[in-house]
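*Asks:* Please construct the entire structure, taking both the sequences and the accompanying hints into account.
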Amino acid sequence: MENSKPKNSCSFLCSWSGGKDSYLAFFRALQTEVKPAVLFNVMNEYGDKSRSHGIPREVLEAQAECIGLPIAFIESTWQDYEANYVKNLKQLKGQYHFDHAVFGDIDIQSHRDWEEKVSEAAGVTALLPLWQEDREALVFEMLERGVKALVVSCKKELAPRILGRVIDRELIQVFRDLEIDVCGENGEYHTLVIDGPAHKKPLSISVGETYGPDHYSFLELKVL
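Residues 1 to 224, numbered by our numbering, are exactly what the sequence shown covers, in order.
No more than 30 angstroms apart at the CA atoms, straight line, and that leaves these computed lysine-lysine pairs for DSS-like:
#: 1; residue 1: 200; residue 2: 35
#: 2; residue 1: 93; residue 2: 35
#: 3; residue 1: 200; residue 2: 148
#: 4; residue 1: 155; residue 2: 49
#: 5; residue 1: 222; residue 2: 201
#: 6; residue 1: 222; residue 2: 155
#: 7; residue 1: 222; residue 2: 156
#: 8; residue 1: 148; residue 2: 35
#: 9; residue 1: 201; residue 2: 49
#: 10; residue 1: 49; residue 2: 87
#: 11; residue 1: 35; residue 2: 90
#: 12; residue 1: 87; residue 2: 117
#: 13; residue 1: 87; residue 2: 35
#: 14; residue 1: 200; residue 2: 222
#: 15; residue 1: 49; residue 2: 93
#: 16; residue 1: 148; residue 2: 222
#: 17; residue 1: 90; residue 2: 200
#: 18; residue 1: 117; residue 2: 93
#: 19; residue 1: 117; residue 2: 49
#: 20; residue 1: 90; residue 2: 117
#: 21; residue 1: 35; residue 2: 49
#: 22; residue 1: 49; residue 2: 222
#: 23; residue 1: 200; residue 2: 93
#: 24; residue 1: 201; residue 2: 93
#: 25; residue 1: 49; residue 2: 90
#: 26; residue 1: 156; residue 2: 49
#: 27; residue 1: 35; residue 2: 201
#: 28; residue 1: 148; residue 2: 201
#: 29; residue 1: 200; residue 2: 49
#: 30; residue 1: 148; residue 2: 49
#: 31; residue 1: 117; residue 2: 35
FYI, nobody ran anything at the bench for these hints, they're computed from the structure. On a predicted model such as this, the values are computed, not experimentally measured, just so you know.
*Replies:* Shown next as structure tokens:
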């Protein structure tokens, strides 16, 4: 499997959380010969919010419209996640005719192993444009490229300091002060990109109340 440089002109599906890592990986892929075909997000079993970030379907649909691409969804429990992912990846390949799948993971080997496994099962090549790069350097690259990433969920104890804020240099220092991973790779927080170099127009959303279980906090998000 490859990191970021497909050999020939081809197209890709992007595994899409709506957050900064998948966005930067997507943008990096755009700088190569590979062309975008579709975004792909996994929702919870109720189909109302994304499984990892808790972002409503309509917000992700509006984000995809801002970028100018279709977005496909599946609904899944964690137990059926892999089987549903492969099944739908195969179906989307037949519909959109892509030969690569782009993922935003950076350095967790078990994640890469899984992504290569499901890609191979669907007959596509996994691309990881951010693989083994410095986490903090990637966050600063995001800022330099004009990516605006809103913190939409986080560990509950961090919420008073970081939830609802757009990542900037001041917030990066807060991450350091809190002694958490700047990139949030340990699940400290998740983001929604509201604007950036791949956007044709900014995403307009409203932010409501905070909700969530005892250990994690989410923002209510609505499309304006």
